[in-house]
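Trainee: Working from the sequences, and respecting the hints, build out all of it.
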Amino acid sequence: MASVPSDDPGGAPLAAGQYAAVPASLEERAEAVAGRAGTRRLARRSRVRRPRATGTLRKGEGFFGWLFVSPALVILVLFVVLPIFLALYVSFTNWSGLTPPLASSVKLVGLTNYKTLLTEPGLYQANFAESFRNVFYYVIFTVPLQTALALSLAVLVNNKFLKGRGFFRSAYYLPSVTSSIAITVIFIYLFQGAGVVNSIFHFFGWRQTPDWIYDQRGLFTLILSAFGVNSPSWGGHLVMGLSAWQWLAGPSLGMCVMIVMVSWTTAGTFMLFFLAALQQISEDIDEATEIDGATPWQRFRRVTVPLLRPTLVLVITLGFISTWQVFDQSFLLGPSNPTDITPGYLAYQVSFQDSAFGMGAAVAFLLFALIVVLTLLQRKFVKEDLTK
Amino acid sequence: MSARTYSPPYKRALGYTGLIVLAVLFIFPFVFSVVNSFKTTAQATNDAISLVPNPVSLAAWKQIFGVGPAAATTDFPRWLFNSVFVSVFITVGRIFLDSLAGYALARLRFPGRKMIFGFIIATLAVPSVVLLIPIFLVLKQFGIFNSYEGMILPMLADVTGIFLMRQFFLQVPDALEEAGRVDGANIWQIYWKLVLPVVRPGLIALTILSFQASWNQFQFFEVATISPKYFTLVTGLANIVGGGLSAGNQFPLKLGASVLTVLPMVILFVVLQKYFMRGATAGSVKG
Numbered sequence: 000m001a002s003v004p005s006d007d008p009g010g011a012p013l014a015a016g017q018y019a020a021v022p023a024s025l026e027e028r029a030e031a032v033a034g035r036a037g038t039r040r041l042a043r044r045s046r047v048r049r050p051r052a053t054g055t056l057r058k059g060e061g062f063f064g065w066l067f068v069s070p071a072l073v074i075l076v077l078f079v080v081l082p083i084f085l086a087l088y089v090s091f092t093n094w095s096g097l098t099p100p101l102a103s104s105v106k107l108v109g110l111t112n113y114k115t116l117l118t119e120p121g122l123y124q125a126n127f128a129e130s131f132r133n134v135f136y137y138v139i140f141t142v143p144l145q146t147a148l149a150l151s152l153a154v155l156v157n158n159k160f161l162k163g164r165g166f167f168r169s170a171y172y173l174p175s176v177t178s179s180i181a182i183t184v185i186f187i188y189l190f191q192g193a194g195v196v197n198s199i200f201h202f203f204g205w206r207q208t209p210d211w212i213y214d215q216r217g218l219f220t221l222i223l224s225a226f227g228v229n230s231p232s233w234g235g236h237l238v239m240g241l242s243a244w245q246w247l248a249g250p251s252l253g254m255c256v257m258i259v260m261v262s263w264t265t266a267g268t269f270m271l272f273f274l275a276a277l278q279q280i281s282e283d284i285d286e287a288t289e290i291d292g293a294t295p296w297q298r299f300r301r302v303t304v305p306l307l308r309p310t311l312v313l314v315i316t317l318g319f320i321s322t323w324q325v326f327d328q329s330f331l332l333g334p335s336n337p338t339d340i341t342p343g344y345l346a347y348q349v350s351f352q353d354s355a356f357g358m359g360a361a362v363a364f365l366l367f368a369l370i371v372v373l374t375l376l377q378r379k380f381v382k383e384d385l386t387k
Numbered sequence: 000m001s002a003r004t005y006s007p008p009y010k011r012a013l014g015y016t017g018l019i020v021l022a023v024l025f026i027f028p029f030v031f032s033v034v035n036s037f038k039t040t041a042q043a044t045n046d047a048i049s050l051v052p053n054p055v056s057l058a059a060w061k062q063i064f065g066v067g068p069a070a071a072t073t074d075f076p077r078w079l080f081n082s083v084f085v086s087v088f089i090t091v092g093r094i095f096l097d098s099l100a101g102y103a104l105a106r107l108r109f110p111g112r113k114m115i116f117g118f119i120i121a122t123l124a125v126p127s128v129v130l131l132i133p134i135f136l137v138l139k140q141f142g143i144f145n146s147y148e149g150m151i152l153p154m155l156a157d158v159t160g161i162f163l164m165r166q167f168f169l170q171v172p173d174a175l176e177e178a179g180r181v182d183g184a185n186i187w188q189i190y191w192k193l194v195l196p197v198v199r200p201g202l203i204a205l206t207i208l209s210f211q212a213s214w215n216q217f218q219f220f221e222v223a224t225i226s227p228k229y230f231t232l233v234t235g236l237a238n239i240v241g242g243g244l245s246a247g248n249q250f251p252l253k254l255g256a257s258v259l260t261v262l263p264m265v266i267l268f269v270v271l272q273k274y275f276m277r278g279a280t281a282g283s284v285k286g
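So the protein lines, in turn, are chains A and B.
Note that numbering that gives the first Met the number 0 has the first sequence beginning at 0, numbered continuously upward.
Note that numbering that gives the first Met the number 0 has the second sequence beginning at 0, numbered continuously upward.
No wet-lab data here; the hints were simulated from the structure.
All figures in this text were calculated on a predicted structure; none of them were measured in a lab.
One or more of the hints may lead you astray.
In the BS3-like style, the derived pairs of lysine-lysine whose C-alpha atoms are separated by at most 27 Å in a straight line are [unchecked claim]:
| hint | chain 1 | residue 1 | chain 2 | residue 2 |
| --- | --- | --- | --- | --- |
| 1 | B | LYS273 | A | LYS159 |
| 2 | A | LYS159 | B | LYS10 |
| 3 | B | LYS192 | A | LYS58 |
| 4 | B | LYS10 | A | LYS162 |
| 5 | B | LYS273 | A | LYS162 |
| 6 | B | LYS113 | A | LYS58 |
| 7 | B | LYS113 | A | LYS379 |
| 8 | B | LYS228 | B | LYS61 |
Mentor: Okay, structure coming up:
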């Protein structure tokens, strides 16, 4: 459940490259085992095998096949497929969470929950709109930031003339192995009013530092107001319970902390994707372009980046999939700053705190629908085969 | 040797400076957490940036280890036990169930295999955050909400792990199984005695991924349990900071608890670095 789905049915494409050393040792191993069994001749002919598409069933394959997949299959059916359908049902009810969801006291209310969120002005609609606005800015800022940071780290670490590369690579990867909750707690401390970050700013002479975690002011509005631009007359126009000026405000300062924190956490993982790809770029190509007189930046821009394109698409895709779902960080930051509340957390809050599980399920399905639509759009516009 | 072998000293200096500044940025948040967990609440609040606790206070760590009156409100020793207990069960379960399913999908030909494969791919499309409320419904319906069974069962198998193992099994040479068949071994014996030992690198990667996923798991355990006696370090910490057990401004306690949560993974990482990094690109991304 914790892992982010990869679009690629065969596991991440880089995995195959990374494990390239495996078949050789496997063959040796096979040879040893087969030799013991007196069939060395067969082992010499050994080839990496693909599952047979046709042919006859070997003895017991049908039985053992089903026996082997059944336990995992049962778990996936019970805890992924069944819940989805049950939740779809609940999103059309007024279930309060107190009885079992299929109890007779639970009433079907049709599309009421969806209508309340999408078309009826009120608190639910305003919260719903705000959560989507928040996550939209979160995604739009986090994905480029974490991708750029990961690529920079990879390029820096990939320089083979530097010593201690292993140490630096580990240092950058470290946050990726740790709990997102613990990291959020640490960042709340670093960014609190009199925290480490503000102490550093004070040292450099910036006195009027904001109280980052609680600050709801949007980045765009702050920049505009620095130039004397404030909300125009149309700015108060309500769109889904949120004023136009609020829609356009940009990520709040509180949200900016979340964006920086998550980019900091995930960059190490994505760095490894880029590193694996960089190590496959032939040195000959690099040298050839250098002899041609290309500057390092031209080389990077014209040679390295195009060769990294498949990895770039993979990293961005994985980035989108995980950022739309952000929950843990919002769980800790959202209660004290509404601009940090994302749809994932709103669904939880509405369900478990307001006991409106039908409404919460509806929020979750609208998020699901959004992710599906955006994924399909991406497929249409970025024609990249991630399985190659 | 090309000209690239020599990079000018100023460039190297620039490279090192970049690497070191970034390393400081990546490591210092952890350093500050450790240092501030040994400060008094007053010093941690007003003098966050100092790297010297003055005076050194063990109050936070006493509470974490269950000593003193403040410890009555938190039960870190039990949460630590829960984290270990649940993570070990889930990891062992995934090693068995994921590798069994991965083996069947990679090496066995049985009616319905393609259908099952397609089905498993389809479940990948379901974002885990969308499952939060639904899984609560199912746990409630089955009567295992707020129990160890409810925490462990739904996590016993995962699609990423199945694919990872399938990938490793695909690379096993035919001859190995052929040899077993000649000797008259049945499919279970071939899987268990011949093939499984050969995919040890895959099992190690799967073990690390599973342990990491369950140790750091938050959202699922948060909806699967409600009593503090079922909290893990992660859900306990989250509830101290933002939930029902909200502990006000006690930064040293919160940071100490964060350090306790992070430390086991950091130690494992330092010891098993190469396996961690190998497994990292195999489909698991946190964020």
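Trainee: With reference to the structure, classify each hint as holding or not holding.
Mentor: Each hint, compared with the structure:
1. B:LYS273 with A:LYS159: OK: LYS273 (chain B) and LYS159 (chain A) at ~18 Å, within 27 Å.
2. A:LYS159 with B:LYS10: 13 Å, holds
3. B:LYS192 with A:LYS58: Distance of about 18 Å is within 27 Å: holds.
4. B:LYS10 with A:LYS162: It holds: about 14 Å lies between the C-alpha atoms, which stays within 27 Å.
5. B:LYS273 with A:LYS162: 18 Å, holds
6. B:LYS113 with A:LYS58: With Cα atoms ~19 Å apart, LYS113 (chain B) and LYS58 (chain A) stay inside 27 Å; holds.
7. B:LYS113 with A:LYS379: 26 Å, holds
8. B:LYS228 with B:LYS61: 20 Å, holds
Consistency note: the structure conflicts with none of the earlier hints.
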